[in-house]
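Number of protein chains: 2
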Amino acid sequence: MRKVAVIGGGHTQFMAESPNTSLELAAEASMDAIARANLTPKDIQAICCGNVLGEFSDGQGMIHSYLANDIGCKNVPAFRYEGACATATMAVRDAAMWVASGVLDIVLVCGVEKATAMGTPLATRTFAMFSDSRFETPAGFTFPAVFAMLAHLYASHYNIPLEKLKEQMAQVSVQSHYYGAKNPNAQFQKEITVEKVLKGPMITTPLQLLDCCPFTDGAAAVVLASEEVAQKVTDKPVYIAGSGQASSGHLASQYKHLPHIRAREISVKQAYAMAGIGPEDVDICELHDCFSIASIIAAESLGFAERGTAGEMWEKGQFKIDGETPINISGGLKSKGHPIGATGVSQVYEVAKQLRGGLAEQGRQVDGAKVGLVDTLGGDGIIVNLVLKRE
Amino acid sequence: MRKVAVIGGGHTQFMAESPNTSLELAAEASMDAIARANLTPKDIQAICCGNVLGEFSDGQGMIHSYLANDIGCKNVPAFRYEGACATATMAVRDAAMWVASGVLDIVLVCGVEKATAMGTPLATRTFAMFSDSRFETPAGFTFPAVFAMLAHLYASHYNIPLEKLKEQMAQVSVQSHYYGAKNPNAQFQKEITVEKVLKGPMITTPLQLLDCCPFTDGAAAVVLASEEVAQKVTDKPVYIAGSGQASSGHLASQYKHLPHIRAREISVKQAYAMAGIGPEDVDICELHDCFSIASIIAAESLGFAERGTAGEMWEKGQFKIDGETPINISGGLKSKGHPIGATGVSQVYEVAKQLRGGLAEQGRQVDGAKVGLVDTLGGDGIIVNLVLKRE
Chain A
1 MRKVAVIGGG HTQFMAESPN TSLELAAEAS MDAIARANLT PKDIQAICCG NVLGEFSDGQ
61 GMIHSYLAND IGCKNVPAFR YEGACATATM AVRDAAMWVA SGVLDIVLVC GVEKATAMGT
121 PLATRTFAMF SDSRFETPAG FTFPAVFAML AHLYASHYNI PLEKLKEQMA QVSVQSHYYG
181 AKNPNAQFQK EITVEKVLKG PMITTPLQLL DCCPFTDGAA AVVLASEEVA QKVTDKPVYI
241 AGSGQASSGH LASQYKHLPH IRAREISVKQ AYAMAGIGPE DVDICELHDC FSIASIIAAE
301 SLGFAERGTA GEMWEKGQFK IDGETPINIS GGLKSKGHPI GATGVSQVYE VAKQLRGGLA
361 EQGRQVDGAK VGLVDTLGGD GIIVNLVLKR E
Chain B
392 MRKVAVIGGG HTQFMAESPN TSLELAAEAS MDAIARANLT PKDIQAICCG NVLGEFSDGQ
452 GMIHSYLAND IGCKNVPAFR YEGACATATM AVRDAAMWVA SGVLDIVLVC GVEKATAMGT
512 PLATRTFAMF SDSRFETPAG FTFPAVFAML AHLYASHYNI PLEKLKEQMA QVSVQSHYYG
572 AKNPNAQFQK EITVEKVLKG PMITTPLQLL DCCPFTDGAA AVVLASEEVA QKVTDKPVYI
632 AGSGQASSGH LASQYKHLPH IRAREISVKQ AYAMAGIGPE DVDICELHDC FSIASIIAAE
692 SLGFAERGTA GEMWEKGQFK IDGETPINIS GGLKSKGHPI GATGVSQVYE VAKQLRGGLA
752 EQGRQVDGAK VGLVDTLGGD GIIVNLVLKR E
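So the sequences go chain by chain: A and B. So in our numbering, spot 196 of the first sequence is number 196, and the numbers just go up one at a time. When you read off a place in the second sequence, starting at 1, and then add 391, the result is the number in our numbering.
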């Protein structure tokens with residue numbers, strides 16, 4: 001199998017109520033990525049597109065076909081993927097396979113979503129369709145409810161008083177906003193405090209408003225290419241060194257493993273093994289912090305903390321930019337925002353940028369970062385992980 | 392690249408108003424395919440799932456994750472694809488790449504749809520989202536309207552009186568029903584006459600009711616495997632010898648090529664070249680006959696007839712089971728039915744069965760068929776073609 005490089009990236013402003021259509025957002029990020037890869041649309045051989053709610057937000061299915069045409073990538077094969085919040089990393093992983101196999105040399109991956117287009121009540125209802133429609137959705141299992149239950153389970157499993165866990169969770173959000181304030185693409189560019197989190201509106205006990213990531217409109221794109229192409233167009237190639245993917249099914253089927261998501265441990269093990277690394281080698285991680293408790297759970301499954309201890313490590317600053325493993329230095333889903341079908345590509349964009357050393361001017365460059373990990377969770381059990389490396 | 396075999400297939404009854412959920416239909420076809428491949432669910436290494444309207448029909452996104460769990464393919468990577476009516480062949484083509492590359496040995500591909508679950512008015516509205524939401528949908532561009540316009544354009548381009556073209560189109564539907572009557576999986580198992588087509592209700596001039604395929608509920612699945620696995624589990628392997636895919640964008644962008652779809656000629660050329668064959672080598676073809684005029688247009692782009700002549704060839708019986716190129720001996724979308732995200736896998740199932748010689752008892756076996764072609768059209772411009780061969 002050939003090496004696969006990330007040779008360019010594009011990113012729109014993440015925001016609520018974007019005045020642009022999904023297709024316009026996707027085109028903006030895609031053209032940006034192609035230009036930054038020092039290529040033109042005619043060089044693109046295929047498009048892998050992540051989009052979850054296009055039918056609801058824009059009344060538009062098969063956006064990939066129109067994207068290809070609109071940006072001048074005429075008649076290329078174009079795919080659309082759906083894996084809830086893991087949609088875009090699924091697209092990246094599949095695109096990487098087309099390049100690694102030697103069939104294609106240059107593939108554009110674009111993720112896009114207008115999650116705020118429906119207004120919050122309908123967004124919550126449409127998004128609830130990405131849990132099990134037989135057993136979960138009818139029981140009121142919206143995602144805030146899922147993660148609230150996991151928070152209770154986590155507290156009882158590891159014998160942490162709920163008030164203590166809430167402080168730890170608040171610290172996760174505070175850190176995300178600290179870095180998000182430095183990210184010009186972020187939806188929320190302002191700092192918050194632990195006090196503000198704890199005094200905020202209660203969403204579903206124990207999760208308060210600022211424990212929850214927002215709905216977001218936005219798009220991100222990356223161009224993947226063979227090593228040969230990468231060496232021609234950039235002197236700072238970043239490679240996809242490993243990937244993993246697994247699906248766990250609905251939460252009840254994972255009862256032995258909860259509050260941890262079974263698929264994550266399977267997926268990240270594959271990704272680490274393929275890249276020949278362990279968690280101790282990761283210099284920068286973007287993980288799926290849809291809720292503050294989700295960060296704590298994910299960091300443990302990814303191997304950055306013993307079970308029951310990640311919250312404490314957040315409080316000690318071990319996941320800050322100068323800590324042991326810098327996590328979500330982009331602001332994460334919490335502060336940067338969470339356009340569902342775009343999030344995974346945004347994470348890859350961010351990690352690639354860190355590994356290329358391009359974030360010093362934003363005051364959030366991880367010094368000397370060489371190895372990055374991407375982690376996305378779709379619904380209640382799809383995990384995709386990617387390991388990126390610079391050489 | 393390794394050879395990729397189709398080693399087993401499963402198919403539910405195609406029908407309107409299925410009492411089963413999409414997940415149940417997908418599980419039924421998948422378990423059938425796995426059993427017929429002489430495998431168990433534990434042998435499946437990944438699932439590639441085609442599904443377009445699951446959010447509307449079942450209130451269920453990411454069906455692939457629950458399918459994996461429900462049928463006992465625990466924790467495997469599972470993908471969902473969307474490319475309108477070409478969704479399922481897109482899934483097959485992508486799955487084939489994972490096997491061809493050497494990364495995976497055994498992949499399940501399942502396509503499923505409950506297109507009648509919403510009732511006809513809503514089905515038409517949801518399905519209209521798979522044309523361009525800026526320029527086409529607001530202009531009343533439902534798919535019957537699209538193909539009616541293409542029929543007018545075809546008649547004027549090739550100087551065929553509309554009444555003559557209508558008779559040719561009627562013959563396409565008559566042939567499809569003739570074979571569909573012999574297919575126990577078909578939605579409509581009864582013959583019709585040219586007179587019945589021409590005296591039927593007018594849908595959109597010149598298309599009458601029996602020029603149009605139905606909405607359908609159903610699922611189909613195939614297991615793809617490496618040559619090594621295929622040789623262990625079957626003495627009748629069928630191989631995916633070639634594939635092609637292209638996206639044309641909305642119809643107005645194809646004005647130079649209409650009534651023919653630009654992407655089809657690009658895609659089928661790739662598929663023929665990869666398989667080292669031409670249209671004259673095809674012994675059996677399943678093509679995308681969403682409307683009778685669509686068959687005529689497709690047969691010409693695929694190389695089975697000169698432009699402007701395919702209707703005449705249908706009338707002469709050249710696409711019958713004993714004709715030059717047997718087309719849609721399954722009954723096609725018209726008579727077998729068209730469960731949108733399942734159609735492509737159903738076509739692959741059918742062609743593989745023909746190449747394995749398994750249709751004699753249904754009275755519709757193409758004698759000595761060795762090479763088959765699959766053709767699917769998604770929306771107004773996504774084409775996927777697959778060439779299957781037995782050795």
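Since the hints were derived computationally from the structure, they do not count as laboratory data. Some hints here could point you the wrong way.
Okay, the calculated bits of chain B under chain A, using three or more residues with CB under 8 angstroms as the criterion [said to hold, decoys possible]:
(1) 464-477
(2) 480-491
(3) 517-529
(4) 585-592
(5) 760-772
Note that the structure is a prediction, hence the values are computed from the model and not measured. Even glycine gets a Cβ: it sits at the ideal position worked out from N, Cα and C.
Quick rundown of the hints versus the structure:
With 11 residues bearing a CB less than 8 angstroms from a CB of chain A, the stretch 464-477 of chain B meets the requirement of three and the coverage assertion stands. Counting residues of the stretch 480-491 of chain B whose CB falls under 8 angstroms from any CB of chain A gives 5; the rule of at least 3 is met. As drawn, the stretch 517-529 of chain B meets chain A at 7 residues by the rule of a beta-carbon pair under 8 angstroms; at three or more, the given contact holds. Counting residues of the stretch 585-592 of chain B whose CB lies closer than 8 angstroms to any CB of chain A gives 0, which falls below the minimum of 3, so the coverage claim is violated.
A count of 3 residues in the stretch 760-772 of chain B with a Cβ less than 8 angstroms from any Cβ of chain A is obtained; the coverage claim is therefore met, three being the minimum.
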